[in-house]
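K.L.:
What follows is the residue order along each chain.
2 protein chains.
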Amino acid sequence: MAPLRSWLEIDPKSHFSLYNLPFGIISTASIPEPHPAVPIGDQVLDLQIFTAGNGFAALSTIQPHQAVFSRPTLNDFAALGRPLHRVVREYLQTVLLEDGPFPDVLKENKALRDNALIAQKDCRMHMPMHINDYTDFYAGLHHAYNVGVLFRGPQNALQPNYKHLPVGYHGRASSVVVSGTPIRRPNGQILTDSVVKEPILTPCRKLDMELELGCFVCKPSAMGEPVSIADAPEHLFGVVLMNDWSARDIQAWEYVPLGPFNSKNFGTTISPWIVLMDALEPFASAGLQNDVKCLPYLDEGNREAHYAIDLSVELIADSGSKSTICKTSATNLLFSFPQMLAHHTVGGCPFNVGDLMGSGTISGEAKSAKGCLLEQSENGKVSIRLDDGQERMFLKDGDEITITGVCGGEEGALVGFGQCTGKILPAIELIS
Amino acid sequence: MAPLRSWLEIDPKSHFSLYNLPFGIISTASIPEPHPAVPIGDQVLDLQIFTAGNGFAALSTIQPHQAVFSRPTLNDFAALGRPLHRVVREYLQTVLLEDGPFPDVLKENKALRDNALIAQKDCRMHMPMHINDYTDFYAGLHHAYNVGVLFRGPQNALQPNYKHLPVGYHGRASSVVVSGTPIRRPNGQILTDSVVKEPILTPCRKLDMELELGCFVCKPSAMGEPVSIADAPEHLFGVVLMNDWSARDIQAWEYVPLGPFNSKNFGTTISPWIVLMDALEPFASAGLQNDVKCLPYLDEGNREAHYAIDLSVELIADSGSKSTICKTSATNLLFSFPQMLAHHTVGGCPFNVGDLMGSGTISGEAKSAKGCLLEQSENGKVSIRLDDGQERMFLKDGDEITITGVCGGEEGALVGFGQCTGKILPAIELIS
Chain L
1 MAPLRSWLEI
11 DPKSHFSLYN
21 LPFGIISTAS
31 IPEPHPAVPI
41 GDQVLDLQIF
51 TAGNGFAALS
61 TIQPHQAVFS
71 RPTLNDFAAL
81 GRPLHRVVRE
91 YLQTVLLEDG
101 PFPDVLKENK
111 ALRDNALIAQ
121 KDCRMHMPMH
131 INDYTDFYAG
141 LHHAYNVGVL
151 FRGPQNALQP
161 NYKHLPVGYH
171 GRASSVVVSG
181 TPIRRPNGQI
191 LTDSVVKEPI
201 LTPCRKLDME
211 LELGCFVCKP
221 SAMGEPVSIA
231 DAPEHLFGVV
241 LMNDWSARDI
251 QAWEYVPLGP
261 FNSKNFGTTI
271 SPWIVLMDAL
281 EPFASAGLQN
291 DVKCLPYLDE
301 GNREAHYAID
311 LSVELIADSG
321 SKSTICKTSA
331 TNLLFSFPQM
341 LAHHTVGGCP
351 FNVGDLMGSG
361 TISGEAKSAK
371 GCLLEQSENG
381 KVSIRLDDGQ
391 ERMFLKDGDE
401 ITITGVCGGE
411 EGALVGFGQC
421 TGKILPAIEL
431 IS
Chain P
1 MAPLRSWLEI
11 DPKSHFSLYN
21 LPFGIISTAS
31 IPEPHPAVPI
41 GDQVLDLQIF
51 TAGNGFAALS
61 TIQPHQAVFS
71 RPTLNDFAAL
81 GRPLHRVVRE
91 YLQTVLLEDG
101 PFPDVLKENK
111 ALRDNALIAQ
121 KDCRMHMPMH
131 INDYTDFYAG
141 LHHAYNVGVL
151 FRGPQNALQP
161 NYKHLPVGYH
171 GRASSVVVSG
181 TPIRRPNGQI
191 LTDSVVKEPI
201 LTPCRKLDME
211 LELGCFVCKP
221 SAMGEPVSIA
231 DAPEHLFGVV
241 LMNDWSARDI
251 QAWEYVPLGP
261 FNSKNFGTTI
271 SPWIVLMDAL
281 EPFASAGLQN
291 DVKCLPYLDE
301 GNREAHYAID
311 LSVELIADSG
321 SKSTICKTSA
331 TNLLFSFPQM
341 LAHHTVGGCP
351 FNVGDLMGSG
361 TISGEAKSAK
371 GCLLEQSENG
381 KVSIRLDDGQ
391 ERMFLKDGDE
401 ITITGVCGGE
411 EGALVGFGQC
421 TGKILPAIEL
431 IS
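Protein chains in written order, with UniProt numbering: chain L, 1 to 432; chain P, 1 to 432.
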């Protein structure tokens, strides 16, 4: 199959090929209010301007819904449902196609082209969705195993429930932020002496990152009404990269018996462009094999509901030195997003459009594929050597973490997420 | 002090005396869209109608903000801040006062009185706030101790962190519902055989209630910026009764290591009227003494930040038989709401107006003061005898739980919450 080609110049190494067309929220010099856009190569198509310039005139199904393209979040676009996401994405593909059926819309419409196509570097990115509820799962089997080994040894590494259900916890929606937002090192209670058990209040000493995927929900479900595993895919809007920053020392002291709390709620970073489920479909893949037979409500049959996304994590030290500290694949998950949603709702928990589910930390089996520093440093026992010779156990102030994710190796046809990045600011000084 | 008297007839046993004036969201035959109101005796003052009838004409500070009284939630009213809540509540007191300074406003304004005063029984109650994030704490010391004894014995009943910080977890905002909403028994994974460790999917067999208070936040705090214990009271809007329905068998299987999830997210019921912090201030009281000296960021000094609220729980069986199954006081908490907020934000977790914090189950020391059935039945070992001779370990389909809370014993001066009620519907049948 000859690759799709655009009349626009697109760097063949760009994450934002014609095969992708994810959605995000930008603000620009001309429209300072946050509004939707789609990236193509190193530009974006400003959907508010495109809509105002009759860009969707040829698309009758979208006519009644055009107001969604001037909203400050993508919630209303998401709520249109997957069939309409598909229509919009495929239409935009044809508009951008070299020999597409609608040259008048943009290709030969210089005025609209000049207004609606904006350099990505001139756009400020905003949170793409308003999140009502955020849930973080723990579906990265190798991660759960590695962490279990650290704290309980290899015999009891995984809890008895682990393979029977996607273990998860409710996270804090208010601290989910868009890529680029600085993350302040949290203060918190930690235990320095396990004998005396008197905590101190201190800036976190074991600040960590976690490589995850996040998936947004686009279809509400009512209280008391489970979403079946068969229906679950239609409830999913799209996927982002996610960094679930973690304070391991705060976590160790606080998490029994009700789970992680302040160790997680100080910040969670997501990449700004939501890659639609349809764009990921060509990269559908099996996840990790579950050697436990799950209950029927979690049975996906032969459906491949994971995605072959190549993931990497780069640590940029204050010196500017860049080190790739992790390379792995998003197939390293035991449960898929449809399984997570089916489990989350089996007891009747309701969902709103915009709710976010995190996958849990994604680690491969290799040492170089561990998705957090807790695993890599074996909880502070082994140093991680950076490219400039510096060492790390956990994150230092000024460190920047950038997660990258991309599907497909073929130049000109990449479906990528761009970057999910955040830099650590020093803790504030508390008056005690 | 002679009690405040109104020109309105108010049953001296009413929770909604002139001393109370809580806020809620109603809809009525004349205004079917949800909007704010204040209950007085067995009536309510419809604030949208009162505002439209120039009821606030004498109150210049509230003039620019009158639109908050036609909103579908109280978030915008809450966001005005405690000083303005105080102004509005005290003004409404004077308007309703027998010899108040503003007889023209309502007392002698028959047209407005006829429109704005509505029988409570003719109002439908709605969720008073839009909740972005909901957190549930575990500050009921006797509850935590009793549950700890059940699962770990008296020597290890409380975890080492318990008295050092208000233990809490992020809950599910989407399933917080207003009193009267039926609660469907959840299906979920439970373990019936602790040897084989093969779960089954079944309607919950250990359905429980939890007697709690909820507190709404009215002042946002930014990410990275802790709310000090001194500032925390200004961030609190008001208090409701809360029933944190719990599926104990689902919880037992799922909660290690990340805490309760589907065992809690199928429903949480709150009472409809938010009692303002100012209305509770006369009932300020010490909570339980903490024999551990907390870190300074949690130190309230001599401030009494708990409230002497008499709480009771009634179980109404399908037969109609009513049994009071618990009587206790809200002073049975080890940490106050200001302490919870100071802890929640010490690492930088941001808050939005409308966020909800639950106290955790409130149990007294006496057997008759245990705030959940798990404690009362010792996890299904001891029967609870109802007034008509029926027995319970946990809740049956058709059971209705009603929590009541009231401050002050003086007739004509009660500050109460009304009721927080929910009836159990049978689980839906899952196609497996």
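Just so you know, the hints here were simulated from the structure itself, not pulled from any lab data. Misleading hints may appear alongside valid ones.
Stated by the list, open to error - Chain L side only, calculated, beta carbon under 8 angstroms to chain P, not exhaustive: (1) H164; (2) P199; (3) G348; (4) P426; (5) I428.
Stated by the list, open to error - Under the rule of at most 27 angstroms between Cα atoms (straight-line distance), these lysine-lysine pairs were calculated in the BS3-like manner: (6) K163(L) x K293(P); (7) K322(P) x K367(P); (8) K327(L) x K163(L); (9) K293(P) x K197(L); (10) K381(L) x K197(L); (11) K293(P) x K293(L); (12) K197(P) x K197(L); (13) K121(L) x K293(L); (14) K13(L) x K423(L); (15) K107(L) x K197(L).
Don't be surprised by glycine CBs; every beta carbon is placed ideally from N, CA and C.
K.L.:
None of the hints should be skipped; say for each whether it holds.
P.N.:
Against the structure, the hints come out as follows:
The criterion of a C-beta within 8 angstroms of any C-beta in chain P is met by H164(L), whose closest approach is roughly 5 angstroms, and the hint holds. About 5 angstroms separates the beta-carbon of P199(L) from the nearest beta-carbon of chain P, less than 8 angstroms, and the hint is met. Hint status for G348(L): holds, given a least beta-carbon distance of 4 angstroms to chain P, under 8 angstroms. Proximity of P426(L) to chain P is violated relative to the hint, the smallest CB-CB distance being about 11 angstroms (cut-off 8 angstroms).
At a threshold of 8 angstroms, the smallest CB-CB gap from I428(L) to chain P is about 7 angstroms, leaving the interface hint in force. A C-alpha spacing of about 42 angstroms is found between K163(L) and K293(P), which places the hinted pair above 27 angstroms, so the restraint is violated. Restraint check for K322(P) and K367(P): the C-alpha separation of about 19 angstroms stays at or below 27 angstroms, so the hint holds. For the suggested pair K327(L) and K163(L), the alpha carbons sit about 24 angstroms apart, so the restraint of at most 27 angstroms is met.
The straight-line distance between the Cα atoms of K293(P) and K197(L) is roughly 13 angstroms, inside the 27 angstroms bound, and the hint therefore holds. Distance hint between K381(L) and K197(L) is fulfilled; the C-alpha atoms sit about 22 angstroms from each other, no more than 27 angstroms. Among the hinted pairs, K293(P) with K293(L) is inconsistent with the structure: their alpha-carbon atoms are about 50 angstroms apart, more than 27 angstroms. With a C-alpha separation of about 34 angstroms, the suggested pair K197(P) and K197(L) falls outside the 27 angstroms cut-off, and the hint is violated.
Between K121(L) and K293(L) the CA atoms are separated by roughly 49 angstroms; this puts the pair beyond 27 angstroms, and the hint is violated. The suggested pairing of K13(L) with K423(L) holds, with an alpha-carbon distance near 25 angstroms, which does not exceed 27 angstroms. A distance of roughly 68 angstroms separates the Cα atoms of K107(L) and K197(L); the hinted pair therefore is violated under the 27 angstroms criterion.
In summary, the numbered hints that this structure violates are 4, 6, 11, 12, 13, 15.
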